[in-house]
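Numbering (numbering that gives the first Met the number 0), first residue to last: 0 to 577.
Hint data in this document are derived by calculation from the structure and do not stem from the laboratory. Being a predicted model, the structure only gives us computed values, none of them experimental. Check each hint, because a few of them may be wrong.
Below 30 Å or equal to it, Euclidean Cα-Cα: the simulated DSBU-like pairs (lysine-lysine) are [said to hold, decoys possible]: (1) K412 / K559; (2) K304 / K53; (3) K412 / K53; (4) K485 / K53; (5) K485 / K559; (6) K485 / K304; (7) K559 / K304.
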Amino acid sequence: MSGGEPLRIGNASGFYGDRFDALREMLTGGPLDVLTGDYLAELTMLILGRDRLKDPARGYATTFLRQLEEGLGLAAERGVRLVTNAGGLNPAGLADAVRELADRVGVPVRVAHVEGDDLLAWGSPLPEGSREPGGGWGEGVLTANAYLGGGGIAACLRAGADVVVTGRVTDAALVSGAAQAHFGWRPEDFDPLAGAVVAGHVLECGAQATGGNYSFFGAHDVRRPGFPLAEISADGSCVITKHPGTGGAVTTGTVTAQLLYETSGARYAGPDVTARLDTARLTQDGPDRVRVDGVRGEAPPPTLKAGLTRLGGWRNEVTFVLTGLDVEAKAGLVRAQMDAAFDAAGRRPAEVRWTLARTDRADADVQEEASALLRLVVRDADPDAVGRVVSGAAVELALASYPGFHVTAPPAKGAPYGVFEAVAVDPAQVAHRAVLPDGSRVAVAPPRTTREPARLPDPPLPAPLPDGPTRRAPLGRVAGARSGDKGGDANIGVWAVSDDAWRWLAHTLTADLLRHLLPETAGLAVTRHVLPNLRALNFTVEGLLGEGVAAQARFDPQAKGLGEWLRSRHLDIPEALL
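Given the sequences, and given the hints that come with them, work out the whole structure.
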């Protein structure tokens, strides 16, 4: 196992569409050994799947190629190796395109890729209950990809690759695979692997670790936050930091927020290791430096997660603007008129959902502030049921409905929507392979030791605060939050800003109180996880997002603002904390 200097791994992309200049900025802003880029998300796989239907040679993130036109030479000059999942559904195609680009710009590099995650392309059996793939968009499964670990990436780097392209690996595997190759960790080195997975999870969303999307954004200049990097040691501990002179900040708060993002309980399961988030210790190690150590690891689960996307059906949407007085009565009128139109057409969509957002206020100086939004969303398996039946009915009300009738956009024909489903697959039936720079293929064996990641019992809570006077105030005065999506579920991580605030938060913010504060969650299963080392609670709200982000089931389909909604809710908070 290599010792000596830490391995410096940076990140230059948190999603497909992130800051284009980040790759150049990370390569020129300071020393690095490895630069990663995360381009994939649940919705991205659906987009790439539709691209591949139009052209089988596509299916990868073309942005990465454009970034390399300048970045490849910079990386070669500085000895920085590039690891990215921009290969999407076609990592071999992107690897070939990188070689062609390298020849064109005169930068000789060794390119490797990882394959086998695409269950459809490699003939892996689909999980029981999944429909077999059909002939195209709308027929069965569109994409089916297993979330691979870092073993293939490590094999490519050990073989001397300068650029490693993958398809669907876990986001953290970009970092843990590079660390595994550098330090020579064995598959059973669970503690250091877990530390690298935690580092990878902090880096994967780019500027979210350096002050982006941070609850207390006013404490730092986050107009253009820099991208993060991790200095990883041989024992798996790391320091999260950023290049000198870049914007944003790296604090225990920004790192805590990202650690809680899209996770749930103490066990963070992945294909190589299950990282114990409850053992992570965060320490401010200087300006813009946070040390993360103490992370323990356990054997990975016996199955791999796979993500399936398919066409869920067709949807349409109309948003009516209700201005001034009698908003509820106006909403009732237009709903009755649309219902009558559906009945008259004999084509009522299978799902009709109305939501009224009372964005209006009385005696407003600005017309928009005097207006509420009534949103109609319809879905059906038949495109005709959400097309002219809906848009025509809405248009025909223009001169025959409530006073002040108008809509936010002209009604349109229906559009397809996708569905994401997470399923478990047998690792032995997934052809995880590293394709080395010389073209040879190396099989990556599944883990020899596995363990079901059962939920741990909640740890003891801290002593409650003594009784004292309270004041009605927003929760966000004493706690930060970050929320996101995992398929149809939402996650809300909430952390306290001080030890005393943690003593209060741990006893106060129960699952029942969260349902009360966020009425949309009232009828759903809510699970609370306690993470004392982070002074944090992590909530999973099952089914809030329906069939996932692509289905656009609610106003905030990825639950990005759910945590900030929670922070804005008022409750009785001890005056000593305020």
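So, going through the hints one by one against the coordinates:
1. K412 / K559: Since the Cα atoms of K412 and K559 sit roughly 28 Å apart, the hinted pair holds (cutoff 30 Å).
2. K304 / K53: Given that 30 Å is the threshold and the Cα spacing comes to 27 Å, the pair holds.
3. K412 / K53: 22 Å, holds
4. K485 / K53: Distance of about 28 Å is within 30 Å: holds.
5. K485 / K559: 11 Å, holds
6. K485 / K304: With a Cα-Cα distance of about 12 Å, the restraint between K485 and K304 holds, given a limit of 30 Å.
7. K559 / K304: Within the cut-off at roughly 23 Å; holds.
No hint from the list above goes unmet by this structure.
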